[in-house]
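A.B. asks: Heads up: the sequence lines are chains A and B, in that order. This note's numbering numbers the first residue of the first sequence as 1 and each following residue consecutively. This note's numbering numbers the first residue of the second sequence as 1 and each following residue consecutively.
It is worth saying that the hints were derived from the structure and are not from the lab. Any given hint might turn out to be false.
[Claimed, not checked] Pairwise CB distance ranges (calculated):
1. LEU366(B) <-> ASP23(A): 44 to 50 Å
2. GLY91(A) <-> ARG66(B): 54 to 60 Å
3. ARG145(A) <-> PHE318(B): 54 to 60 Å
4. LEU46(B) <-> THR29(A): 21 to 27 Å
5. ASP23(A) <-> THR392(B): 51 to 57 Å
6. GLY3(A) <-> LEU23(B): 52 to 58 Å
We treat Cβ as the ideally placed atom computed from N, Cα and C, and that holds for glycine.
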Amino acid sequence: MIGIGIAKGLVQTARNLLGTYTDKDRLPTIEYPEERQALTEATRQFPFLVHDGDDPAKGLRCVACQICEKECPPKCIYIVKSRDKRVDYKGQMQFYPATFDIDYSVCMSCQICVEVCPFESIKMDTEFEFSTADRFRGLLFDKHRLAKSDAHYHRIHPTDAAESDAVMAAERAKAEAKAKADAEAKAKAAAAKLAPTPAASPEAQMEAPKPGSDTPTMPM
Amino acid sequence: MASLDQIFVALKDWLVAFVPVALQPLAGALLSIVAIMAVFPGIFALTTVVERKLLARFQNRPGPNRVGIPLTKIRLAGFGQFAADGIKSLTKEDIVPRNADRIVHFVAPFVLVAPAFLSLSVVPVGRNMAALDFRETGLLFFFAVGAATELSVFMAGWSSRNKYSLLGAMRGIAQMLSYELPLILSSLVVVMMAGTLSLATIAERQSGVQWGVVHSWHVFTPWGFAGFLIFLTAACAESNRTPFDLPEAESELVAGYFTEYSGFKFALFFLGEYLGMFAISGVAITLFLGGWNAPFTFLDWVPSWMWFFGKLVGFILFFIWLRATLPRLRVDQLMDLAWKFMLPMSLVNLVVAGVWHLAASWPHLLRWPLCVAILALPYWLLSRGFQTRFKTRTYRFAEESRPAPATAAAGP
Numbered sequence: 001m002i003g004i005g006i007a008k009g010l011v012q013t014a015r016n017l018l019g020t021y022t023d024k025d026r027l028p029t030i031e032y033p034e035e036r037q038a039l040t041e042a043t044r045q046f047p048f049l050v051h052d053g054d055d056p057a058k059g060l061r062c063v064a065c066q067i068c069e070k071e072c073p074p075k076c077i078y079i080v081k082s083r084d085k086r087v088d089y090k091g092q093m094q095f096y097p098a099t100f101d102i103d104y105s106v107c108m109s110c111q112i113c114v115e116v117c118p119f120e121s122i123k124m125d126t127e128f129e130f131s132t133a134d135r136f137r138g139l140l141f142d143k144h145r146l147a148k149s150d151a152h153y154h155r156i157h158p159t160d161a162a163e164s165d166a167v168m169a170a171e172r173a174k175a176e177a178k179a180k181a182d183a184e185a186k187a188k189a190a191a192a193k194l195a196p197t198p199a200a201s202p203e204a205q206m207e208a209p210k211p212g213s214d215t216p217t218m219p220m
Numbered sequence: 001m002a003s004l005d006q007i008f009v010a011l012k013d014w015l016v017a018f019v020p021v022a023l024q025p026l027a028g029a030l031l032s033i034v035a036i037m038a039v040f041p042g043i044f045a046l047t048t049v050v051e052r053k054l055l056a057r058f059q060n061r062p063g064p065n066r067v068g069i070p071l072t073k074i075r076l077a078g079f080g081q082f083a084a085d086g087i088k089s090l091t092k093e094d095i096v097p098r099n100a101d102r103i104v105h106f107v108a109p110f111v112l113v114a115p116a117f118l119s120l121s122v123v124p125v126g127r128n129m130a131a132l133d134f135r136e137t138g139l140l141f142f143f144a145v146g147a148a149t150e151l152s153v154f155m156a157g158w159s160s161r162n163k164y165s166l167l168g169a170m171r172g173i174a175q176m177l178s179y180e181l182p183l184i185l186s187s188l189v190v191v192m193m194a195g196t197l198s199l200a201t202i203a204e205r206q207s208g209v210q211w212g213v214v215h216s217w218h219v220f221t222p223w224g225f226a227g228f229l230i231f232l233t234a235a236c237a238e239s240n241r242t243p244f245d246l247p248e249a250e251s252e253l254v255a256g257y258f259t260e261y262s263g264f265k266f267a268l269f270f271l272g273e274y275l276g277m278f279a280i281s282g283v284a285i286t287l288f289l290g291g292w293n294a295p296f297t298f299l300d301w302v303p304s305w306m307w308f309f310g311k312l313v314g315f316i317l318f319f320i321w322l323r324a325t326l327p328r329l330r331v332d333q334l335m336d337l338a339w340k341f342m343l344p345m346s347l348v349n350l351v352v353a354g355v356w357h358l359a360a361s362w363p364h365l366l367r368w369p370l371c372v373a374i375l376a377l378p379y380w381l382l383s384r385g386f387q388t389r390f391k392t393r394t395y396r397f398a399e400e401s402r403p404a405p406a407t408a409a410a411g412p
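Please work from the sequences and hints to get the whole structure.
C.D. replies: Given below as structure tokens:
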């Protein structure tokens with residue numbers, strides 16, 4: 001009969017209305033500025049640069065290889081390579097970014113820069129409250145604002161940070177093994193040079209500085 | 001308590017006495033106008049907030065709860081929202097389409113608001129508290145003025161030069177004309193039984209006592225109850241409230257006939273619609289729910305105007321509840337409901353009222369079942385017709401494109 005369905009519906013909506021005052025499940029809204037939801041570990045917002053140690057200027061993992069700059073779909077990364085080199089975590093001489101800017105107003109949070117980085121140096125942050133009155137300078141982040149410590153990375157994404165550490169430890173072990181092998185080869189060559197033929201020396205001299213300047217190639 | 005009941009009447013008399021005798025009728029009229037212009041838009045302002053908050057709650061949201069007193073931390077649970085909305089609509093740009101009929105476009109919102117105020121003026125909001133008490137034509141005046149809103153709807157839709165506006169206006173006209181008939185026929189029952197068109201007299205007639213403590217509201221009779229339900233449904237349609245909001249269906253017609261209105265004119269349309277709802281609720285209260293009468297004799301000490309406004313608030317809340325519950329009807333369903341269900345039922349109700357009147361001397365045990373039976377039988381027959389028409393829907397194309405179950409899984 002006409003009306004029974006309407007009555008049923010009215011009862012249903014009334015239960016919903018009254019339930020919002022008693023049942024937490026019926027009013028799931030979190031009123032944001034005052035209340036906050038705990039972020040999940042998978043949260044990713046904008047990229048930041050990881051640095052080891054306490055000094056962001058010295059400890060940046062970035063070697064200014066510019067892969068992320070080339071891969072970035074909206075082209076929001078701007079990098080200027082340094083003229084000099086410095087020692088990285090493996091003890092090798094590397095460039096470092098003289099300028100590293102990310103325009104957060106252009107960034108689309110796609111995480112491709114993180115995917116392509118071979119140095120575990122650019123990662124996604126969970127920070128999202130960047131509202132500013134200056135829409136040009138206010139959202140253009142330079143390397144000082146982008147640099148955040150490894151401890152911060154461990155705090156926001158512990159699983160990923162542990163993986164990064166494992167990768168870096170493996171790289172370091174490889175580099176050390178190679179250095180050791182090179183040193184042994186060098187010692188052997190020196191011993192050989194010392195004994196019978198001094199003519200073999202130019203080859204050994206070419207070989208010697210190589211491990212220091214060896215920049216890892218792009219993983220393709 | 002009698003003084004509190006008549007406090008506004010006494011106040012008006014006291015104020016009018018300051019004016020020379022020749023001007024006293026004019027001053028009295030002006031005071032009534034001011035009262036109506038202050039009270040009902042005030043209720044409208046609060047209703048907009050309450051409606052938004054309640055609808056939000058119905059949908060498991062908290063609703064507007066931020067706007068309070070500016071420059072302070074006081075939030076008033078969001079009840080400052082109507083002031084913000086009002087200021088916004090007042091300061092917004094008033095856009096008129098280039099091809100619109102400018103004069104008609106300008107006049108339409110006022111043509112909607114003026115009849116709404118006029119129809120509020122005949123509603124008795126308390127004992128001796130009707131601004132315009134037409135002893136012979138009160139209800140007739142209400143329906144005549146109420147019909148003018150249809151003109152405004154079509155003026156707005158036609159002058160906007162917009163297909164959505166025109167479609168909304170067409171729908172509005174069709175709906176309002178269709179539902180005017182059950183509306184008037186269901187209220188005609190009350191006129192038959194009360195023997196008067198004066199709304200104040202109809203309200204007074206319901207102050208009798210039956211069953212010991214209960215006031216003899218018309219809704220406590222078979223014809224009154226049926227008439228009340230028909231009137232309520234038709235009132236919903238007349239005021240374009242949600243199961244019948246086809247003229248301004250947001251999902252189909254942007255905003256219907258006031259698509260091309262912005263700023264204060266839009267706010268006027270909004271105001272007009274709500275005032276129309278208050279007026280028709282007020283008439284429903286007067287005709288069926290005892291007007292300003294208390295439900296029980298032991299509650300008679302509460303002032304009459306409090307009863308009226310209490311019932312009005314009840315009506316507003318019920319309309320909000322309906323809006324949160326029912327989906328919008330389709331145009332053909334709307335017409336079917338009006339012409340194939342409500343019109344026959346209101347005609348049957350006229351017969352029931354006649355039987356009730358003729359059987360006045362019969363014992364209650366005979367009179368009640370007879371009248372209920374006369375109503376229930378066509379109700380059952382008519383709704384059976386609807387049920388056969390609106391069977392469980394089959395989604396033909398969706399069903400056909402679905403892969404055949406079980407047979408595919410049985411394969412290798």
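A.B. asks: Hint by hint, note whether the structure agrees.
C.D. replies: Do the hints match the structure? See the list:
Between LEU366(B) and ASP23(A) the CB atoms are about 49 Å apart, so this pair conforms to the stated range of 44 to 50 Å. About 57 Å separates the C-beta atoms of GLY91(A) and ARG66(B), a value consistent with the hinted range of 54 to 60 Å. Taking 54 to 60 Å as the suggested C-beta distance range, the pair ARG145(A) and PHE318(B) conforms, at roughly 57 Å. A hinted range of 21 to 27 Å for the beta carbons of LEU46(B) and THR29(A) is consistent with their spacing of about 23 Å.
Between ASP23(A) and THR392(B) the beta carbon distance is about 32 Å. The supplied range of 51 to 57 Å is therefore violated. Between GLY3(A) and LEU23(B) the C-beta distance comes to about 53 Å, which sits within the given range of 52 to 58 Å.
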